[in-house]
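**Q** One-letter residues, chain by chain:
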Amino acid sequence: MLDLLPQFLLNGIIYGALLAVPAVGFSAMFSVLRFPNFSVASQATVGAFAGYAANVWLGWPILLAVVAAFLVSAVIGVIVDEVALRPLRKHGALTTAIASIAGVVVLENVVRFIFGNDMRGYDLPLVRDLRFWDLRIGPQQINNLLIALGIMAVIFAVLRFTRIGKAMRAVADNPGLAELKGIDSIQIGRLAVFFGMGIVGTGGLLLGLGNSIDPMLGFRFFLPIFAAAVVGGLGSTPGAVLGAMVVGIGEEASLLLLSPAYKSAVGFLFIVIVLSFRPRGILGERAY
Amino acid sequence: MTKFIPNRRAVLAGMAATLATPAILRASGAPIKLATLTPMTGVGGSYGPSMRDVMIGVVKEVNEAGGVLGREIEVISDDTQTSPEAAVRAARKLIDVDGVSAIMGTWASSITTAVAPLAWESKTMLLCTSGSDTITLLPHKGYVVRTQPGSILQTTVAATDLSKKGYKSVVWMGPQSPFAEVSIETYKNIFEAAGAKFSSMIYEADKATYRSEVDTALRDKPDMIVFGGYATDSTVLLRDLWQASYEGTISAQGYAVNQGVIDSLPAEVTNGVITTAPAPALGSTGFARASEILGVEAADPYSAQCYDHVNLVLLAMAKAGETSGEAVRDHLRDVSQGEGMKVSSALEGLKHISEGVNYEGASGACTFNDKGDVTEMTMLYSEIKDKKPVSIDL
Chain Z
1 MLDLLPQFLL NGIIYGALLA VPAVGFSAMF SVLRFPNFSV ASQATVGAFA GYAANVWLGW
61 PILLAVVAAF LVSAVIGVIV DEVALRPLRK HGALTTAIAS IAGVVVLENV VRFIFGNDMR
121 GYDLPLVRDL RFWDLRIGPQ QINNLLIALG IMAVIFAVLR FTRIGKAMRA VADNPGLAEL
181 KGIDSIQIGR LAVFFGMGIV GTGGLLLGLG NSIDPMLGFR FFLPIFAAAV VGGLGSTPGA
241 VLGAMVVGIG EEASLLLLSP AYKSAVGFLF IVIVLSFRPR GILGERAY
Chain L
1001 MTKFIPNRRA VLAGMAATLA TPAILRASGA PIKLATLTPM TGVGGSYGPS MRDVMIGVVK
1061 EVNEAGGVLG REIEVISDDT QTSPEAAVRA ARKLIDVDGV SAIMGTWASS ITTAVAPLAW
1121 ESKTMLLCTS GSDTITLLPH KGYVVRTQPG SILQTTVAAT DLSKKGYKSV VWMGPQSPFA
1181 EVSIETYKNI FEAAGAKFSS MIYEADKATY RSEVDTALRD KPDMIVFGGY ATDSTVLLRD
1241 LWQASYEGTI SAQGYAVNQG VIDSLPAEVT NGVITTAPAP ALGSTGFARA SEILGVEAAD
1301 PYSAQCYDHV NLVLLAMAKA GETSGEAVRD HLRDVSQGEG MKVSSALEGL KHISEGVNYE
1361 GASGACTFND KGDVTEMTML YSEIKDKKPV SIDL
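Protein chains in written order, with my numbering: chain Z, 1 to 288; chain L, 1001 to 1394.
Isolated chain Z, as found in the complex (with noise of 0.2 Å):
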């Protein structure tokens, strides 16, 4: 059994990169914000159909359903945020956040009602798996690979060296004074949302990829992308990334030793591991 490890490490480096996407959105929004928005599970639902509704429906390639999953959940979840969240966050996160899950109900039911049941499947040939050493990696895995660290890029440079991004990080390290600085925390908090919530679309398109998308998708994964926000620390962006891979390797890993039945007790494992010695996770730099 142990010579499928290396084939196990790939497959669980492939799909942590999966799960780091949603959840650097998610830990950028919690970092800005402070409050588990848990309406990321039906948002990467709605992006992986706004993908799809751009590439099957009007015959996008799959680069620019990229941005139309990116563009729609970004969108919808500013709006969501700004009826439902918002006006309640005065009330404590926890309020905001069990609104959150409430977000999550109305938004796959709108995709369910928009969409219906059935599963769907994007226009995208199907290509057999490349074949080295001993090891076979998919086409279209590599690409998904790639799309990920390239928004992974893009999300670093944009917190790193513009001015919007060190608002963010200003507001995520003391909101009171980066106020007192003339940074309007309202809008610093719908543009971390609007970024978080299109990456956070942007992943489920890239989670839908590999498989069939049906209104249930984001709800799926929503355990193991907060198992890698919790791992990597709660708000810090590598820290989802590292989080993702901790997760993704270790579940695939855990076959070695475990029946595939037990896969996400592994993810959750890790979070009682880590949250025991490092309650801020492996990079968090606060304890929330």
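One should not assume that every hint holds.
Calculated cross-link-like contacts (lysine to aspartate or glutamate; reagent style DMTMM-like; alpha-carbon spacing at most 20 Å) [said to hold, decoys possible]: (1) K1387(L) - D123(Z); (2) K1388(L) - D134(Z); (3) K1165(L) - E1061(L); (4) K1164(L) - E1383(L); (5) K1221(L) - D134(Z); (6) K1388(L) - D118(Z); (7) K1387(L) - D134(Z); (8) K1221(L) - D3(Z); (9) K1141(L) - D1330(L); (10) K1093(L) - E1121(L); (11) K1164(L) - E1185(L); (12) K1123(L) - D1098(L); (13) K1388(L) - E1268(L); (14) K1221(L) - D123(Z); (15) K90(Z) - D3(Z); (16) K1123(L) - D1161(L).
Treat the hints as calculated values from the structure; they're not laboratory data.
Got chain Z sorted already, so can you dock chain L onto it with the hints?
**A** Just chain L, lined up with the frame of chain Z:
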């Protein structure tokens, strides 16, 4: 105090109005309440709507013809969300608030298992489309019957037929479910007796990818892989196996590789997959009628079963002369089997109910044993060719 004294003109006008009203509005008494409890959302969400619609369609026809025992039938529909917890909540509401005498159409064994105790404790009849053998072993006091053949019967028939094709190495892959252990045990016994190597893998349902599971399964170089899961998992597995260049046979239950799965994947991925399904009574009057109600060429097996559920309940009520869950339980077999006149719908059967009827429906003969299992089944084998299942003989 003024007293209302009807004069002759008022009485005549009233009588005329009564005669002009449709038959059902003249029916006396409160409506008979029946429930459909199908998966409208969740993994079974693609089956539920037509299961519900066919039942409502039958009731509409019967209502238009005057109802049962002179009473209108009211259908209350709810959604199991393909989740046992949600199904139990819905069933509680149907039983406690609506007071239905029968719940029809529960799908997936975990859901029927969760709902069944509520049914027998409240003396409500439960008709399900679930195949797990454990269901009819529950102490249900006769309140549960199923139109889906039990899984031992189904898997034994399928495994026996498939084993004749001479496969050398077989892997069973599926998630944990009440159906899994029975299925693995049956396949193992039959294939090992036929000289094949057999192994099984229980994986976690609803994962994004099963690449590592596929890598593990392919170590045994199987020439047949049997799927034991539902549609969402099958889609991922089919794609992963194709990408891994697996060339052997794949066999799956019809619901695991259904038209939705086939439509969402390229033809080369699904070509050659063999599906097994308890055959509805293709070519029967009942099956044609169920398909006609749904406006489709051929009703799916679950909708065919639901067509039978509602017809059986209505006939049993008519036979009993009352509408309680207990009455349905006690008289279901009087109308589903025996020497009576063969009928394929309640509409037809209600006219002959006093002479005795034997209902044969859209899903089959509907002959039940004491446990509530159907005793006869025909297995339908199909091979997927260019995105269409084509019937084959094994």
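**Q** Does the alpha-carbon distance linking K1387(L) and D134(Z) stay inside the 20 Å limit?
**A** Not OK: K1387(L) and D134(Z) at ~33 Å, beyond 20 Å, violated.
**Q** Next pair to validate is K1093(L) with E1121(L); report whether the Cα-Cα distance is within 20 Å.
**A** holds (14 Å)
**Q** Starting from K1388(L), check that the Cα of D134(Z) is at most 20 Å away, please.
**A** Measuring from Cα to Cα gives roughly 35 Å; hence the hint is violated.
**Q** For the pair supplied as a hint, K1221(L) and D3(Z), confirm whether the alpha-carbon distance does not exceed 20 Å.
**A** holds (15 Å)
**Q** Is the Cα-Cα distance between K1164(L) and E1185(L) 20 Å or less?
**A** holds (18 Å)
**Q** Holds or violated: are the alpha carbons of K1164(L) and E1383(L) at most 20 Å from each other?
**A** Measuring from Cα to Cα gives roughly 16 Å; hence the hint holds.
**Q** Check whether the Cα positions of K1388(L) and E1268(L) lie no farther apart than 20 Å.
**A** holds (12 Å)
**Q** Has the given pair, K1388(L) with D118(Z), been kept, meaning a C-alpha gap of at most 20 Å?
**A** Answer holds: K1388(L) to D118(Z) is near 17 Å, not above 20 Å.
**Q** Can you confirm whether the C-alpha distance between K90(Z) and D3(Z) stays at or below 20 Å?
**A** Violated - the C-alpha atoms of D3(Z) and K90(Z) are around 55 Å apart, more than 20 Å.
**Q** Within 20 Å, alpha carbon to alpha carbon, are K1165(L) and E1061(L)?
**A** Given that 20 Å is the threshold and the Cα spacing comes to 47 Å, the pair is violated.
**Q** Regarding the pair K1221(L) and D123(Z), is the alpha-carbon distance no greater than 20 Å?
**A** violated (31 Å)
**Q** So if I understand the rule, the pair passes when the alpha-carbon distance is 20 Å or less; does K1123(L) with D1161(L) pass?
**A** violated (40 Å)
In terms of the numbered hints stated before, the structure departs from hints 2, 3, 7, 14, 15 and 16, listed from lowest to highest.
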